[in-house]
Amino acid sequence: MLEFEASTAFPGFDLDLKLEVAAGQCLALAGPSGAGKSTVLRIAAGLVRPDRGRVSCGGQVWYDSGRARDLAPERRRCGYVFQDYALFPHMNAWRNVAYGLREVPRRRRRALAVELLDRFEMADFADASPETLSGGERQRVALARAMGGGPEALLLDEPLSALDARTRARAARELSELLRSAEVPTLLVTHDFAEAARLGDRVAVVDGGRIVQLGSATDLASKPCSSFVADFTGAAVLTGNAGTGPLGLTSVLLDGCRAAISSTDTAQPGRVAASVYPWEITLLPETERSRGSAQNHLVAEVVSVTSLGARVRVGLDVGQPLSAEVTRVAAVELRLEPGRRVVATWKASATRIMEF
Amino acid sequence: MLEFEASTAFPGFDLDLKLEVAAGQCLALAGPSGAGKSTVLRIAAGLVRPDRGRVSCGGQVWYDSGRARDLAPERRRCGYVFQDYALFPHMNAWRNVAYGLREVPRRRRRALAVELLDRFEMADFADASPETLSGGERQRVALARAMGGGPEALLLDEPLSALDARTRARAARELSELLRSAEVPTLLVTHDFAEAARLGDRVAVVDGGRIVQLGSATDLASKPCSSFVADFTGAAVLTGNAGTGPLGLTSVLLDGCRAAISSTDTAQPGRVAASVYPWEITLLPETERSRGSAQNHLVAEVVSVTSLGARVRVGLDVGQPLSAEVTRVAAVELRLEPGRRVVATWKASATRIMEF
Amino acid sequence: MNGSPWFRAVLVAALAVTLLFLTLPVVAIFVDIPPADLLASLGEEGAVEALKLSLQTTVAALLIILAFGTPAAWLLATRRFRGRTVLVTLIELPLVLPPAVAGIALLAALGPGGILGGLLDSLGIRLVFETAGVVVALTFVASPFYIRQAQSAFEAIDPTLLQASRTLGAGEARTFGRIALPAARAGLLSGTALAWGRALGEFGATLVFAGSFRGITQTAPLAIVERFGSDFNSAIALSAVLVVASIVILLSAKYLSTSVGRGRDARI
Amino acid sequence: MNGSPWFRAVLVAALAVTLLFLTLPVVAIFVDIPPADLLASLGEEGAVEALKLSLQTTVAALLIILAFGTPAAWLLATRRFRGRTVLVTLIELPLVLPPAVAGIALLAALGPGGILGGLLDSLGIRLVFETAGVVVALTFVASPFYIRQAQSAFEAIDPTLLQASRTLGAGEARTFGRIALPAARAGLLSGTALAWGRALGEFGATLVFAGSFRGITQTAPLAIVERFGSDFNSAIALSAVLVVASIVILLSAKYLSTSVGRGRDARI
Amino acid sequence: GASGSDEVGDPLTVSAAASLTDAFPAYAESSNMSARFSFAGSDELAAQIRQGAPVDVFAAANSQLPDDLYAEGLVERPVVFATNSLVIAVPSDSEIQSLEDLAEPGIDLVTGTEDVPFGSYTRETLDRLPTALREPILANVRSEESDVKAAVGKLTQGAADAAFTYSSDVAVAADRLRAIRLPKEYRPDVAYGVVVVKGSGDLESARSFVVGLTSATGRSALRIAGFKAPPGG
Ligand SMILES: Nc1ncnc2c1ncn2[C@@H]1O[C@H](COP(=O)(O)OP(=O)(O)OP(=O)(O)O)[C@@H](O)[C@H]1O
Ligand SMILES: Nc1ncnc2c1ncn2[C@@H]1O[C@H](COP(=O)(O)OP(=O)(O)OP(=O)(O)O)[C@@H](O)[C@H]1O
Ligand SMILES: [Mg+2]
Ligand SMILES: [Mg+2]
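Protein sequence lines correspond, in order, to chains A, B, C, D and E.
Take the first sequence: its letter number 149 is residue 149 in my numbering, and every next letter is one higher.
Take the second sequence: its letter number 270 is residue 270 in my numbering, and every next letter is one higher.
Take the third sequence: its letter number 246 is residue 246 in my numbering, and every next letter is one higher.
Take the fourth sequence: its letter number 141 is residue 141 in my numbering, and every next letter is one higher.
Take the fifth sequence: its letter number 97 is residue 97 in my numbering, and every next letter is one higher.
The set of hints was computed from the structure by calculation and includes no laboratory data.
Since we're looking at a predicted model, the values are computed, not measured.
Yeah, the Cβ is synthetic: ideal placement off N, Cα and C, and Gly gets one too.
Mixed in with the good hints, there may be bad ones.
[Unchecked claim] Partner residues are not named here, just some residues of chain E that face chain C (Cβ under 7 angstroms, in silico): (1) ALA47; (2) THR131; (3) ALA132; (4) SER146; (5) GLN157.
[To be verified] If we take Cβ atoms under 8 angstroms as the criterion, some of the chain A residues that face chain B in the derived model are: (6) PRO269; (7) TRP279; (8) THR282; (9) ILE353.
Please model the entire structure based on the sequences and the hints provided.
Here it is as structure tokens:
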């Protein structure tokens, strides 16, 4: 359990927020640049001392301005992955990892370091020096380094942002596996909501040093408290099992309902997350079926209707939560209101698949 | 007319490409990080000397390895906007702009500088020093500075990338106005295809120091030569006149056809560009009309059908080019082939509007 | 981000020892002269004269060092060429010469009988026994400190600033003057302070090359050493004055530079 | 990015003048000694002895400077506190003291009759007229150069590297040793070179504090000066030898540091 | 003869004027006394002693400094052990032949400051000169130096035309310099004073070193180095 409450002021910026993360849980901090996301992590790790506040983890108090307590960063043992990875340039990969393994007897360090690297499929690069590694490889070394020596908490600062589109998808998958297996609380910073939804159990939208809204990704997506959050929240995520459909399509049998959806993305058979943007979803009267190219049709019950100017966010229940964005016109035509049943339809090519 | 042809090699990277930009035209260089985009601009401006090649602008030869000619950067007079703007920290805004106005008699410089700033609505910040300016404001000062003193060519390196979502839209609008009025050739670097399509008359997709594909945004979108380009190409752009539709919707009367489309984005009446992602477009048999929440229906003629794995890119003609992405299944069902007429339909909330 | 107490103790100890070791001697010489002498030595017109000459000659030397050293440092900082490291080392040579030898060397080069003696003479330039000679000697011993600092200060400038200037039609000259100098100002100032300090303390080279004559070539250090044999106290008193004067000079330069420095940090 | 020809000419001119001015004198003394004397002075066992002592004492002094100056510089680089600028200035004080005065100051502080004289005596430590005294004098005059450079080298390290180290369970001590030192290596080396150069040339303070006893306290510069009292030519010849020795030392240090430097550039 | 008792125990610590660089080692050699020498400017050495440097014997290039130290109670009674003669040092190829030539306008003349031995004696000489000669010579003085090697350096490099120095200083650069002896009436007797420093660790051998200087061995060593025996010795 990581409890965080701090307020501090920099010239032209002040931060004041409070949050809690249970062990094994991941809280994603999402927000625009300059929102104060990294500052939260720095305070948690003890790299920045806030003006006021209290930070505790696993019952141990790390910082308490009231009781003038301030544990040094090295005594807090956070697994910190920095925005630019901060690998030590003068050490090769395994030494970077071994650096954190001081409790381990010297002669066993290399073995253990390589073992850690292996968890991220980087064992072959054990002797490579950072400057020869690509962004994706560096990120994995940084993760291996952060995981070494059993951290009390994981602090990940935009672990994927330095990666280009091609390596990001894979890195995200690896990361989510890691987080699922982790027993410690995790704070993950990102400025991409989809990433937050994908990796965080809960998401806190941060702006101007404050938490604007905190909740599950689906809550934020279906009931954004402000149009800023609405703009910020992206794809809703559905989970299910992937199989191969007709003509190379991937079909996903969704959890919680017997329906299947299909996607043009390819995926290994097995558990996957399928994401679709609210504005890609068309709502039809339950009685209707479009015979168009749209492949996906799900019967859904309207849970919430949130108006955002000319747009309306519609919270849906299809056995699992889903949110659509339609025009006020359509909302009126369809007489959308909680309890009403509709058909949500969207295109296979609008369905992005991320493997677990 | 800017003619560029250069090849050069750095450790671990080599560049070799040739391109031409007519006066008044804007060529957008789009590509992933490390593709060599900035290097192209640096070579054009004379900040980097290539191993071999030839650069000429407006008939004047700037660089020619053959004839050992290499004009100094200051004699080339490119209006260069750097990735991080590179404003001079020890000069306030107007002095930054005035720095480039040496031909102007000293006493008239301030007036002219403020005038330039005013074109970007920054006149009020004339005396502000760079560190007190926000990203968007810095970008506009940098543009004003680059425009001063009548540059021979404009070189813009990711002019919008340092801006957050909220300021970017507006900056893009201002920039497109600027480019339309400019009489000199412009090279614009971006790694966002939509930005490239929006701002560039033609788009060159660059990767690994080579041009992968060059053409109009719609060509790239409808006939990508590789799936890399396909992934890279985003929204197709339609132009027209905005007016107010029912219930706060914006309706756009498209050029080249009598049809109107609607969007949830708000816009001033007048000329606008409306963008929609290919995979957001559903194709129906011409005889069909969906009575669902999708607001936009356009009769279109299939121009091209390009297969990309399970996906199919369909080039359409709706009076202006448009491209859709459907599944192979749908393509087969609809018997898509050049000349066939279909209905392209998508949602108002999927239509993003950018004002001219 | 506070360190472990024991290491902090080690650090503080090291700094304390260093400071004690470097400042105690200075303090020590002052405590064992009666304050009366201190004031007296100030009253003494010879002393004041010497201090004035010191100020004049060091300032003159600094101007020369700045005028030639700055562009030289810029060149070394912005160009990469073979033998660059050798050049940088040559510039450091005056450091390793014992002052007296430096003086002889200057005589051998610029004295009437020296290599360039004839040339200078035909130009009607006399250095030995002249205030100009003092300036030359000071320039010789103090330049390396400034040039070194200036070079690294220039190397630290964000290159895109310089490139931006070039694309805005400014040649290298204007870029150097309008962009590089202001951007490197902090480093240049602290280099100036170091060089100034060294020049203020210079003794051997000046004596051998320029000689020592009241009001013409006798700078404060020379005046101090002159008093050694006879009036020890006034010698020490005079050095006290010199030290204080130097502290003032160094500090003022330092404060300027750091304030500029902060300015630049804030921006980044 | 080539500059305008005329400005490049100015730059080259400035560098040329600077180099000429700083190296010509050194060359000049070489030319006016008969080569015979050069060789002779080398053969002379006193000279070799002096050079050996110079090497030993300067190395010893450097070790002390590194041992104390490095942590002191680290502290000054990583902490912000009031009066920091004053401390930095105090560290530069030895610069402005005329060498002889520095020697007297050391005597007043560490000599038998000095402030700490009694203490040192009770510890059985004798410095005056002992080789140890030479080391002390060299340390005194050379420290400022190293400490200054070290400080700015530490300030240039990317802070996230240090923070990363801390979060990995390394205290400040380990971070300093395992991360900061390697990262700042280039700067530290060039600072060492400067300090070494200064120490090799030191004369005044050593003479007054430690005396000039052959084989015990007579370093190369002192040997040179002593020869001024007996054989002028061999004095000059010996300084030539000293200069060459110094160049070798400085260059080797420089090449080390720059090669490391390149290593770091490549990374960025 | 000197006592050989010095072989045991530490060698004597002797601070001596730079001009004695050749004489003293030779003396110690011949009278097999173990001593270690530090040669420097007499005034610097005096300053050392004032700061309590552990010196056994101090030999200055004049009698003034020893007397001062004696007055300050730092040393035992001074002994004059040698005399040196003040000469006009000129580059070997110089036209200057006599004291009178120094009065020529345009001559660059170097003397010592009144605080260093060769300077104070120079003053004595000049004071004895007739005003008609003294004034123009004084007018030619371009520098008063606290260190004889600065003067010698200037002469050898042809930067100065003439300097008042000790004859022993001229010997230092015999190949480049020439000494012009002063007329007897103007020649001051430059007395070198030596003292035993109080609180010397080894007063015995210190005193015997001083005494030895005026003995036959001492004199011969000094004579070879170009010094003369003290008057009435
Ligand atoms: N040490 C500091 N001194 C002064 N201001 C600071 C400091 N650290 C952070 N700030 C300011 O706090 C604000 C938030 O910084 P922070 O790095 O937390 O933002 P962020 O959310 O991580 O942004 P990004 O997504 O770009 O990393 C910024 O405006 C920054 O200028
Ligand atoms: N001066 C240089 N020396 C060595 N390598 C260089 C140099 N300049 C650029 N490179 C390399 O050339 C490649 C392309 O650099 P460039 O800055 O042009 O990429 P880019 O397309 O602008 O990427 P980004 O979108 O991140 O700016 C990079 O791999 C970079 O490491
Ligand atoms: Mg951040
Ligand atoms: Mg770039």
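Right, here's what the structure says about each hint:
1. Because the closest C-beta pair between ALA47 of chain E and chain C is about 5 angstroms apart, less than 7 angstroms, the hint holds.
2. A distance limit of 7 angstroms between C-beta atoms decides the matter here; for THR131 of chain E the minimum to chain C is near 22 angstroms, and the interface restraint is violated.
3. Hint status for ALA132 of chain E relative to chain C: violated, with the closest Cβ pair at about 24 angstroms, above 7 angstroms.
4. Look at SER146 of chain E: its Cβ gets to within about 5 angstroms of chain C, closer than 7 angstroms, so that hint holds up.
5. At a threshold of 7 angstroms, the smallest CB-CB gap from GLN157 of chain E to chain C is about 4 angstroms, leaving the interface hint in force.
6. Hint status for PRO269 of chain A: violated, given a least beta-carbon distance of 15 angstroms to chain B, over 8 angstroms.
7. The criterion of a C-beta within 8 angstroms of any C-beta in chain B is met by TRP279 of chain A, whose closest approach is roughly 4 angstroms, and the hint holds.
8. Checking THR282 of chain A against chain B: minimum C-beta separation of about 5 angstroms stays under 8 angstroms; hint holds.
9. A distance limit of 8 angstroms between C-beta atoms decides the matter here; for ILE353 of chain A the minimum to chain B is near 11 angstroms, and the interface restraint is violated.
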